[in-house]
Amino acid sequence: MTYTKVILVVVFLSTAAFAKAQDNLSPEKVVELTELHQSIRGTYQIQLDGIRKQIALTLSMVEQIDAARSETEITFLPYGAQIRILILPRQTIRAKDFKHIKSVSHKYTNEPAY
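Mind the numbering: the sequence shown is residues 1150 to 1263 in our numbering, read in order.
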């Protein structure tokens, strides 16, 4: 029971911090992009080339990921020095046998890590 409460507090604080970081967006836009973020999880992968650090995506970056998605080809979106985002195509996501990919990979590859 206590473990569950701790998890709930951590999730709440993480969500609150994430929303607070988006101060320049209207509350409606924050809700819209948060829902978008939930719906596209597992369909993109942050790839780090030779570095180990935690990456936090802003809500506006989530919107860019969705906008950059191709219908048929894997897309790569630069996200700074030694960081890029692999974005699966819509065709792959709609496939019956689609499997979510890892959110982070510590090497550049042309294929996603599962």
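These aren't lab readings, by the way, just hints derived from the structure by calculation.
Among the hints, a few may not be true.
[Said to hold, decoys possible] In silico DSSO-like links for lysine-lysine, alpha-carbon gap of 27 Å or less:
| no. | residue 1 | residue 2 |
| --- | --- | --- |
| 1 | Lys1202 | Lys1245 |
| 2 | Lys1248 | Lys1202 |
| 3 | Lys1202 | Lys1256 |
Results for each hint:
1. Lys1202 to Lys1245: Given pair Lys1202, Lys1245 is violated - Cα atoms ~34 Å apart, limit 27 Å.
2. Lys1248 to Lys1202: Holds: Lys1248 and Lys1202 sit about 25 Å apart, inside 27 Å.
3. Lys1202 to Lys1256: holds (12 Å)
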